[in-house]
Amino acid sequence: MSEPVALKLTAKDFKSDQEVRWCPGCGDYAILAAVQGFMPELNIPRENIVFVSGIGCSSRFPYYMNTYGMHSIHGRAPAIATGLSVSRPDLSVWVVTGDGDALSIGGNHLIHALRRNVNLKILLFNNRIYGLTKGQYSPTSEVGKITKSTPVGSADAPFNPLSLALGAEATFVARTIDSDRKHLQSVLRAAAQHEGSAFVEIYQNCNIFNDGAFDQLKEPATRDDFLIRLEHGQPITFGSDGQFCVVHPPGGFGLEVRETAATPAEEIVVHDATVTDPAYAFALSRLPGLDLRNTPIGVFRSVDRPSYDGVVQEQVATAKAKVTETPEQQLAGLLASGDTWTIL
Amino acid sequence: MTKQIRQLDRVVIRFAGDSGDGMQLTGDRFTSETAQLGNDISTLPNFPAEIRAPAGTLPGVSSFQVHFADYDILTPGDAPNVLVAMNPAALKANLADLPRGADIIVNTDEFTRRNLAKVGYTTSPLDDDSLAGYVVHPVALTSMTVGALAEHEVSKKDAERAKNMFALGLLSWMYSRPYESTLRFLERKFAARPELVAANVAAFRAGWNFGETTDSFSVRYEVKPAKMLPGTYRNITGNAALSLGLVAAGVRSGLPVFLGAYPITPASDILHELSKHKRLGVVTMQAEDEIAAVGAALGASYGGALGVTTTSGPGVALKSETISLAVALELPLVIVDVQRAGPSTGMPTKTEQADLNMALYGRHGEAPVAVIAPKSPSDCFHAALEAARIALTYRTPVILLSDNYVANGSEPWLLPDVESLPDLRVEFASAPNGEDGTTFLPYLRDPETLARPWAVPGTPGLEHRIGGLEKADRTGDISYDPANHDFMVRTRAARIETIPVPDVEVDDPDGDARVLVLGWGSTYGPIGAACRGLRQRGLSVAQAHLRHLAPMPANLGEVLRSYERVVIPEMNLGQLAHVVRAKYLVDAIGYNQVRGLPFTAAELETMLEEVLKNV
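Protein sequence lines correspond, in order, to chains A and B.
Going by my numbering, the letters in the first sequence line up with residues 7 to 350, in that order.
Going by my numbering, the letters in the second sequence line up with residues 786 to 1400, in that order.
If you are wondering where the hints come from, they were derived from the structure by calculation, not from laboratory data.
Please note that a few of the clues may not be correct.
Computed from the model, here is a short list of chain B residues facing chain A with C-beta under 8 Å [claimed, not checked]:
(1) M1013
(2) V1032
(3) G1066
(4) G1080
(5) L1083
(6) A1085
(7) L1110
(8) P1242
(9) E1248
(10) G1252
It should be emphasised that the depicted structure is a prediction, and the values quoted were computed from it without experimental measurement.
Note that the Cβ used here is the ideal one computed from N, Cα and C, for glycine as well.
Pulled out of the complex, with its shape left as it was, chain A reads as follows (with noise of 0.2 Å):
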């Protein structure tokens, strides 16, 4: 096999003619420059790269992406992507999509499509808000907010994207944020180079319905306290002098966060986004604080899992190799096939 050749992109290439129409101060344009920054680094042609995305702001992304895209309906596509993706293998198929979009109205293509680990790679815009539908509720809202369709506050308890994804058995599954361009891109990186399902959870504001929401992990007074980066290999210590670290006390289910300096080194949990039990993710995936305190960002979980897209194909192509017969010869024996009789 020749090596690959370089096909010299930039991020130029992957913007396409249409003008940006998301609010001034969007989260959304930081996000779509990282992503138009890190494609030439996939090094795949522009037109094996597919952009599907459902209803919402978020979802408008693809008529930016100078790539094959789809702008679908509410919540769909997953499934969209998943036929898609099943029946074109050598496409690289992405899926944008919000809080609303992939965890309310398509809250069960989201699932089947992580269990089935369907080689999509799905990034979540998480502004805990419907932004395009001016400012209700959304699944992520913290209890008690209040909004347009919640005027004395909500009464539902939110989804944890990161614990439903592990729960609906996802392979890999990072969290990052709009702002740090540089950790969102090693992110798409890793979800990239992922065989099978990559959901990444994005926070990313919205400054017109929900301004704000993620500041504590972006103030520079805050950031490196409240924010757990995790690093594959590492221990997991963080704070602005690494004065919290992450333990599995003896005898409890989760993880827990103490302070460094009163815990013996070998107590800290050294990160491994490879661990087959769930468990330990999903752990992580609930450190947070409902003031964010202790959010982990990185990649929490990577384990190898036969992709769905894979097993069809190879189905297909077993059942195939053992063929001799021209297609139409096929589709004559089939029809002839079971009990016939012939009258002359």
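Add chain B to chain A, keeping to what the hints say.
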């Protein structure tokens, strides 16, 4: 003893028993033997939705009716000449359909006090005179089967279960059927358990020999082969034919077939069948729900496959939003609706034609699609090919309206020559189509078909975005321009309306009919049989049948207006009649029935005779 042999031109037999008695299989085998003989055949299975309703009860009765003749027939027959009743429930549930003088073969072993009580018989109908008008043949089917298998290494339960083969053997003897195919079938079915092959074959032979030797059957019947066109035939159900039609569409288009489906009665058999044809590149996906099923099919179409989804009415309702997206995206998509009695869960194993309105109009916005309907089980093959042809050529969703009657009914099918099937090859867009030679315009249409280019991902230089937002003509860019939207809505309507479909043909052998019967879909057989009956009595009536419901044939208005009366029988409350009245201003008379059963030829004949009297 020597048995008398009597010639018949046609016979209708109904096998009826408990859901667990294997009546569908028995009927299937008898049908296959009958097909081998060269009779024309039509069958009608009738079974409950419950997999195993309580044993011996009326809701648990399952039946299979087969009509065979030495001439071409159009329906599974209005009334059975012979009823095989495996228990009291089967007798009670079916007796009302039997004409006086019919033969009834009953399994006396099941006529116990307990089984009689289950269905409300206070005395056994075998002992009182309630069956006086019929020819009753009491046969101890179960005990004779068990007796015949005494030397076999099978459990008592397995021996009892072979009683359907005893019944099949008896009926096969009675109607002089060739049984080699059944013996071969049993060898295949029980290949893993040779003792069951031996037991079932022995039960079959015991039934055959019983007929030969017993005094209770003094007459044996023969039905000569029908005059049929030369060629190779097989007996086929509508669902099987439809599946093969989709496979054939894949072969003839050179595209992989992708089926997204969610299990639903009575469409699931299409999913089962298509999942067997991976050798021909058919990919089937059992989706998480109906919406995902159509979504995945649309995604596959976008990628250059022939995307198909199969379902029944409730599933079409769920798919509606995605079908509208397919209308906006202008991509090929075949949606198969095997209609059943609704609304809601309705009667899932019973037939109806009440999804026509939904197929024509059941979407948001102006979202026209093509709609076609097969007229018989074997016609499902050709209808599936036609649906694929329209979808691929005109880049549109096509709804194929089958129904439970044609889906599960069967008839002999003259196997087509593969080379004679339509050529469905399509050309994907491969180069920019803009005037400047570099721009790709995804909504620049073919002036003849009004279809837009099918540019599949992976094609260099044609990267483009499509979506549910209104698109500007030619460029496909998002557009809120009022004039553009008006133009696009009208264009989407025109591109369906102008699909050329064959003229509707009128069958009016006398040439002087004043009444036209118009049907669509599965009513073809009963309407045809009714017209034939009238003509045999010297009455003139014309028949026309619609395969294409959207768009309708160009000559339909002229045809309708050339008759004094137009009668439209439908298994709904007048949906086609409503369309015809609105579209052609024709004062059509509806004849409507929603009993979950096909029309009988006799009732249509009676109704039409009344109409004829009044013109």
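Verification of the hints:
Checking B:M1013 against chain A: minimum C-beta separation of about 5 Å stays under 8 Å; hint holds. This hint holds: B:V1032 has a C-beta 7 Å from the nearest C-beta of chain A, less than the 8 Å allowed. Evaluation of the B:G1066 hint against chain A yields a held restraint, the C-beta minimum of about 6 Å falling below 8 Å. Against a cut-off of 8 Å between C-beta atoms, the interface hint on B:G1080 holds, since the closest Cβ of chain A lies about 3 Å away.
Checking B:L1083 against chain A by beta carbon gives a least distance of about 6 Å; that is within 8 Å, so the hint holds. Hint status for B:A1085 relative to chain A: holds, with the closest Cβ pair at about 4 Å, below 8 Å. A cut of 8 Å between beta carbons decides the hint on B:L1110: the least distance to chain A is about 5 Å, and the hint holds. Interface restraint check for B:P1242: the shortest CB-CB distance to chain A comes to about 4 Å, inside 8 Å, so the restraint holds.
Hint on B:E1248 holds. Least Cβ distance to chain A is approximately 6 Å, under the 8 Å limit. Given the 8 Å rule on beta carbons, the hint for B:G1252 holds: about 3 Å separates it from the nearest Cβ of chain A.
In summary, the structure agrees with every hint in the numbered list given earlier.
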